[in-house]
Amino acid sequence: MAGFREASGDLQLESVTKTFGDFTAVDDIDLHVPRGSFFALLGPSGCGKTTTLRMIAGLEQPTAGRVLIGDTDLTGSRPYERPVNTVFQSYALFPHLNIRDNVAFGPKRRKAADTAKRTDDALELVQMSGFATRKPSQLSGGQQQRVALARALVNHPEVLLLDEPLGALDLKLRREMQVELKRIQTEVGLTFIHVTHDQEEAMTMADTVAVMNRGHIEQLGAPAALYDLPRTRFVANFLGQANTGVGIIKDTDGDHIVADVLGTPVKILKSRSQVHDGEVLFGVRPEKVTVSRTQPEGAGNDVKGVVRDVSFLGVATSYLVDMPSGTTWSCYEQNLDVEPLDLRPGDEVWLTWNAGHAFGVPA
Amino acid sequence: MTALAHAAVDPGADPAAPAPRATKRSWTAYVLLLPGALWLGVFFLLPLVQLASVSLQSRYPGFPGYYYRDVNLDNYASALTDYAPHFARSFLYAGLATLLAFVVAYPLAYAMAFKAGRWRNLMMICVIAPFFTSFILRTFAWSQILADEGWVAGTLNFLHLLPGGNIINTPVAVIAGLTYNFLPFMVLPIYASLERADPRVIEAGGDLYANGFTTFRTVTLPMSMPGVLAGTLLTFIPAAGDFVNMELLGPQRGKMVGNVINDQFLAIPGGYPVAAALSFTLMAAILVMVFLYVRRFGTEELV
Ligand SMILES: Nc1ncnc2c1ncn2[C@@H]1O[C@H](COP(=O)(O)OP(=O)(O)O)[C@@H](O)[C@H]1O
Ligand SMILES: [Mg+2]
Chain A
1 MAGFREASGD LQLESVTKTF GDFTAVDDID LHVPRGSFFA LLGPSGCGKT
51 TTLRMIAGLE QPTAGRVLIG DTDLTGSRPY ERPVNTVFQS YALFPHLNIR
101 DNVAFGPKRR KAADTAKRTD DALELVQMSG FATRKPSQLS GGQQQRVALA
151 RALVNHPEVL LLDEPLGALD LKLRREMQVE LKRIQTEVGL TFIHVTHDQE
201 EAMTMADTVA VMNRGHIEQL GAPAALYDLP RTRFVANFLG QANTGVGIIK
251 DTDGDHIVAD VLGTPVKILK SRSQVHDGEV LFGVRPEKVT VSRTQPEGAG
301 NDVKGVVRDV SFLGVATSYL VDMPSGTTWS CYEQNLDVEP LDLRPGDEVW
351 LTWNAGHAFG VPA
Chain B
1 MTALAHAAVD PGADPAAPAP RATKRSWTAY VLLLPGALWL GVFFLLPLVQ
51 LASVSLQSRY PGFPGYYYRD VNLDNYASAL TDYAPHFARS FLYAGLATLL
101 AFVVAYPLAY AMAFKAGRWR NLMMICVIAP FFTSFILRTF AWSQILADEG
151 WVAGTLNFLH LLPGGNIINT PVAVIAGLTY NFLPFMVLPI YASLERADPR
201 VIEAGGDLYA NGFTTFRTVT LPMSMPGVLA GTLLTFIPAA GDFVNMELLG
251 PQRGKMVGNV INDQFLAIPG GYPVAAALSF TLMAAILVMV FLYVRRFGTE
301 ELV
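Residue numbers (UniProt numbering), protein chains in the order written: chain A, 1 to 363; chain B, 1 to 303.
Treat the hints with caution; some may be incorrect.
[What the hints assert, rightly or not] Only some residues are given here: those of chain B computed to face chain A with a beta carbon under 10 Å:
#1 Gly-65
#2 Ala-197
#3 Val-201
#4 Ile-202
#5 Ala-204
#6 Gly-205
#7 Leu-208
#8 Thr-214
#9 Met-223
[What the hints assert, rightly or not] Simulated DEER-style distance windows between Cβ atoms:
#10 A:Leu-173 / B:Gly-212: 55 to 63 Å
#11 B:Leu-32 / A:Asp-309: 30 to 38 Å
#12 B:Met-124 / A:Val-246: 50 to 58 Å
#13 A:Ser-318 / B:Asp-198: 55 to 63 Å
#14 B:Asp-198 / A:His-216: 40 to 48 Å
#15 A:Ala-113 / B:Tyr-293: 55 to 63 Å
#16 A:Ala-113 / B:Phe-135: 53 to 61 Å
#17 B:Leu-32 / A:Asp-322: 44 to 52 Å
#18 A:Ser-318 / B:Met-124: 51 to 59 Å
No lab work stands behind these hints, which were simulated from the structure alone. Everything numeric in this text was worked out from a predicted model, so none of it was measured. Just so it is clear, CB atoms sit at the ideal spot from N, CA and C, and this is done for glycine as well.
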């Protein structure tokens, strides 16, 4: 039995696969997470996020592939040998220990000389110093979450894994904790791998987001980049809203391809389309679409539709517009004018967008 | 009792107004408690009072089997002095049986909770199966298994591993019988508490640098303590008062207190008051021990 493995550096997953029987939960994943970054693993429930985390923690061994931190290969080592700690989805606090002993558990096992001080500091960091002598069952969900975080952070792991840590909290508390987690990560400077199915949470917190679907990573990048230029249909729909339509690529026009979406020709920059012939899924984000009563001049990318619904949101107004193709588009207009467009359901409108904002992904 | 009467009468106090919700609910609670309270009153409290009164009675000199109402503490004096060795034996044997049952039951319960997989239900049935035959019959069976002609004693004698030459009619046989008979009462609560433990919590031990054994010692075992506590109580209490195992498996001399009580009640004319005093003393001693034990090892979330 090998002892504790000192390891430092970037986290790397190399062609990691995990199968349960004949079901592949994680399918040949490659990941590189730079040291000290806030990395989000985003995907719908059941896509393999927890399984991926468990393989990094050592609670599950990959069927194939390697897990490394820096140059140290951790594949096959036990959880207690890895410089990795987990904040479990259900917190998994020790019910028989009080809060202080819960947090001190890790340092005690590693016989840290300054266990008491580190425990105090960790409780301080998550603002739970006043609860040190309580039992976990005497805390609220949000407080337990903080304790679970302190219990992991106190060990200064090389990589901290958070499995939907905010999933059980109500919306307001979740927003607060998002800010709080981000603050803590900046303060301690550790690598955070944050698993979530909430795209807003992933985008607001993470430096890098990996979008996962059915055991593989669909796309990885900075939140803004993912939002701006999704490369798969799944990412386009999972990350924010997208107005989409399936088209056939008919032509090119300089830097653009021209696709025919149910009779309407639309342009997509070649550099922003993943496909250049055949079928394409055309997409444009709601806030990139302009709504007007009359056909704008010369824009080219415009479609006439019928307003279905108007929601006034204060800073903006959101419209749902029925398109001739039968789909419904969503448009988001900032209320910059004193007198906004006074549109009602049933009104005919023109939708336009800058061709440079459209994207194309495999249909 | 006043609360009961009050609550029962209250809804009718003002027939015009509908009874407020809270009153109605507490009334329901008392109704639901009633069968249990009646049962306890008739089958526990009443006999207990009767027994207490008997334990203080005196014999009519010259008329064995007849008593008169009295406050005769000699019965207790006799229980505490004449029968002190029997008490000591009872607690020693019951304690050893509890310890042995724990040693056997914990790994079994652990295996059932964490390792059995699809065999779990079968194992559960095996643990409960002995209850389908009578306690006495099973103990009789053990008296044959452990008999001098039986294969256990035969094998041990053949290997010269049995210093006394026999197992039956020794304290060892009694302790073995007690261990065997009360084992399910140890297994089931421990299994229940292990089974209820969140596997993620046990994994958290590993995640926080505790190896397998340390995780067991610092997480799994403490989390199953309510079950261990319940199991040891459910084993020790009946074992300390048991007389069947001693009767069927034990030696002629050096009986347990349960046998004395049994004899005083059934065999010795005029033994009722002493038997009752012995029963009360046993009950008090067990209560004190259980109290100290729970104080020492108990947790606030008992069982
Ligand atoms: N121990 C296991 N045995 C069998 N299937 C499992 C096991 N763990 C996870 N799975 C399956 O793997 C898939 C991914 O699970 P998980 O990683 O927990 O998803 P997520 O955390 O993204 O919701 C699910 O379909 C789940 O049923
Ligand atoms: Mg999960």
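So, going through the hints one by one against the coordinates:
1. Gly-65: At about 55 Å, which exceeds the 10 Å cut-off, the nearest Cβ of chain A leaves the hint on B:Gly-65 violated.
2. Ala-197: This hint holds: B:Ala-197 lies near chain A, its Cβ roughly 9 Å from the closest one there, short of 10 Å.
3. Val-201: The hint holds - B:Val-201 has a Cβ within 10 Å of chain A, the shortest such distance being about 5 Å.
4. Ile-202: holds, 9 Å
5. Ala-204: Where the cut-off is 10 Å and the nearest Cβ of chain A is about 4 Å from B:Ala-204, the hint holds.
6. Gly-205: holds, 8 Å
7. Leu-208: This hint holds: B:Leu-208 lies near chain A, its Cβ roughly 4 Å from the closest one there, short of 10 Å.
8. Thr-214: holds, 7 Å
9. Met-223: holds, 6 Å
10. A:Leu-173 / B:Gly-212: 55 to 63 Å: About 36 Å separates the Cβ atoms of A:Leu-173 and B:Gly-212, which means 55 to 63 Å is violated.
11. B:Leu-32 / A:Asp-309: 30 to 38 Å: Once the Cβ atoms are compared, 54 Å apart, the range 30 to 38 Å for A:Asp-309 and B:Leu-32 is violated.
12. B:Met-124 / A:Val-246: 50 to 58 Å: With Cβ atoms ~56 Å apart, the hint holds.
13. A:Ser-318 / B:Asp-198: 55 to 63 Å: violated, 43 Å
14. B:Asp-198 / A:His-216: 40 to 48 Å: Given about 30 Å between the Cβ atoms, the range is violated.
15. A:Ala-113 / B:Tyr-293: 55 to 63 Å: violated, 37 Å
16. A:Ala-113 / B:Phe-135: 53 to 61 Å: holds, 57 Å
17. B:Leu-32 / A:Asp-322: 44 to 52 Å: violated, 60 Å
18. A:Ser-318 / B:Met-124: 51 to 59 Å: holds, 58 Å
Figure legend: structure checked against the earlier numbered hints; hints not met, in rising order: 1, 10, 11, 13, 14, 15, 17.
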